[in-house]
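2 protein chains.
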Amino acid sequence: MHVGLGPIGAAVARQLAARSSFRIVAAVDIDENKSGRDVGDVIDLGRRLRVKVNGDLRKAAKASRPDIAVLCTSSSLKGVMPQLEQLLKLRLPVVSTTEELAYPAARNRRLAKQLDAMARKAKVAVLGTGVNPGFTMDALPIALTSVCEQVNRIEVRRVQDARTRRVPFQQKIGAGLTREQFEQQVAAGSVRHVGFTESIQMIGDAMGWKLTRITDEVRPWIAEEEVCSELLAVDPGYVAGLSQEGVGYVGDEAKILLQLDAYLGAPESFDSVLIDGSPRIYSKVQGGIHGDIATASMTVNSIPHVIAAAPGLRTMRDMPLPSFYASR
Amino acid sequence: MHVGLGPIGAAVARQLAARSSFRIVAAVDIDENKSGRDVGDVIDLGRRLRVKVNGDLRKAAKASRPDIAVLCTSSSLKGVMPQLEQLLKLRLPVVSTTEELAYPAARNRRLAKQLDAMARKAKVAVLGTGVNPGFTMDALPIALTSVCEQVNRIEVRRVQDARTRRVPFQQKIGAGLTREQFEQQVAAGSVRHVGFTESIQMIGDAMGWKLTRITDEVRPWIAEEEVCSELLAVDPGYVAGLSQEGVGYVGDEAKILLQLDAYLGAPESFDSVLIDGSPRIYSKVQGGIHGDIATASMTVNSIPHVIAAAPGLRTMRDMPLPSFYASR
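Chains D and R supply the protein sequences, listed in that same order. Quick note on the working numbering: the first sequence kicks off at 32 and runs consecutively. Quick note on the working numbering: the second sequence kicks off at 32 and runs consecutively.
Bear in mind the hints are in silico, worked out from the structure with no lab data behind them. Treat the numbers as computed from the prediction; the structure is a model and nothing was measured. The reader is advised that the hints may include incorrect statements.
Which copy? The list can't say, so a pair holds if one copy fits it or any two copies do.
[What the hints assert, rightly or not] Below, simulated DSBU-like cross-link-like pairs (lysine-lysine); rule was C-alpha separation at most 35 Å, straight line:
{"#": "1", "residue 1": "K203", "residue 2": "K241"}
{"#": "2", "residue 1": "K109", "residue 2": "K90"}
{"#": "3", "residue 1": "K315", "residue 2": "K90"}
{"#": "4", "residue 1": "K315", "residue 2": "K154"}
{"#": "5", "residue 1": "K120", "residue 2": "K154"}
{"#": "6", "residue 1": "K154", "residue 2": "K144"}
Work the whole structure out from these sequences, hints included.
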């Protein structure tokens, strides 16, 4: 069952509809422009799925008896708690793209405990995942440390040329704004990647580092010359995108550095991991991992694992090796 | 408890001795030059561990009551079955570098079933792991597919300049032999990387591909000019190392290609993974992952996971996300 058919929820639903191991039995969205319509039409699938979008989560679940709920409504754990509570009362396992659920950080510890207790009571698992947080800047670097006898410091960089990404993504990174507008939107929380604190905490716990401070700062990339994507042109002096840096400290020592540079005109897209340890490891995914497809894929591929997982709030750290899940 | 103190077993033991979360309580080796001596001396640790190498597995285990056995005696599953049987009768979880145990292939299905039954009866887990098989050419490529909505074909390449590796490794890849000697040793099984069939089967199962045929061929790299390592010089026309290619087919289609080129003088060491799918992913570890340290690290880092795992024969596919395990 789908809960939330925004851009990410729709991408997950399109993938589920295309892959023969899965069947969408219900979909929920509170948007009046979506509820009552066929899911296939709402997600631009090009065919109908004979499932109507419902405005009422409980009714939709009761009528369709799904095996799992896919929750794609908000980045905020606090924001999705009422939905999670409803789903767990229905004893439904949940996989969600809610960034703050990927590895609930210090500020969300209380909610995480509450959620874990509810999930255990319902005898189902809850997992927050996606490409980032969920993989490129946490689970993948952690997996790479498995061949190390010693780890001193971890640096992860994700550089993305936003010219090839969808317009909402370009907006999310502030492309086209003035410097002042950018700062305002950062302050308002609308321009920012959500998940650095969660990824840093996940890596820190895996490495056994007691982090004393986590920072997460966003700065603008200012265009030096005109840069254009298909639908957006940014003049010199305006914002081309963002540069976000997260650091996990033990005392004064920066043990974990995550850097995300997403802007129109980045000369090269890539995802790199440097493990400063023994052995030293430098891994690079050339061209980077495409965010939209990857988040939807990770969510879909996690479904069988979440259904089979031990009850409770799970994270990518205690789930089995992530993998593509094939039709069988 | 250590079983087997050859080059790999000794590397694992040195790492355990250096890492404060672990303590070596017993060690077993049938070599008369090792048994009776202090483990620290046998593994060239530079200090004694006050644990004597024992020739008798059962006695050593009974006297020391270990939490887990680390088995590093042979590449062959058939070869280690009597030891595994003894360890499981003692209800000891086992982590092993036995390559054929990493993902028991078709020819070993019967032994794998038997082993799984014994482990379940003993209520402990058994895992075969290491860097290869166990990570670079199977678990890592599988993990990278988790962000894909479609996977058509997987190619993994491991290129190693053997000049920087230990002499036994250089011998294992046939460096210094004539072409005829090389072919003889390949036929005898002494020059060959063990594990391609296992890695290919692991990837195939994860992708849901019903493989109809797996090939595994070894060819020599012939030196075109003189190449030297610190302790070995190879004249032109002699063997500088090996090139091994494993292919997993579905019908006539090569779905999985593993290629290992290990020879003195390789211009660049690296580990690369190409996922031909959506999205397409090309990942490269520059400099490669050092085999000896990495196999020992992976074995040590797996210990807490194996102790906590569900009883039975486990593989890297159903273990939690691999990770460095820190002192706590």
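Here is what the structure says about each hint:
| no. | hint | in the structure |
| --- | --- | --- |
| 1 | K203 x K241 | within (32 Å within a copy, 43 Å between copies) |
| 2 | K109 x K90 | within (23 Å within a copy, 57 Å between copies) |
| 3 | K315 x K90 | neither (46 Å within a copy, 48 Å between copies) |
| 4 | K315 x K154 | neither (39 Å within a copy, 40 Å between copies) |
| 5 | K120 x K154 | both (10 Å within a copy, 34 Å between copies) |
| 6 | K154 x K144 | both (15 Å within a copy, 30 Å between copies) |
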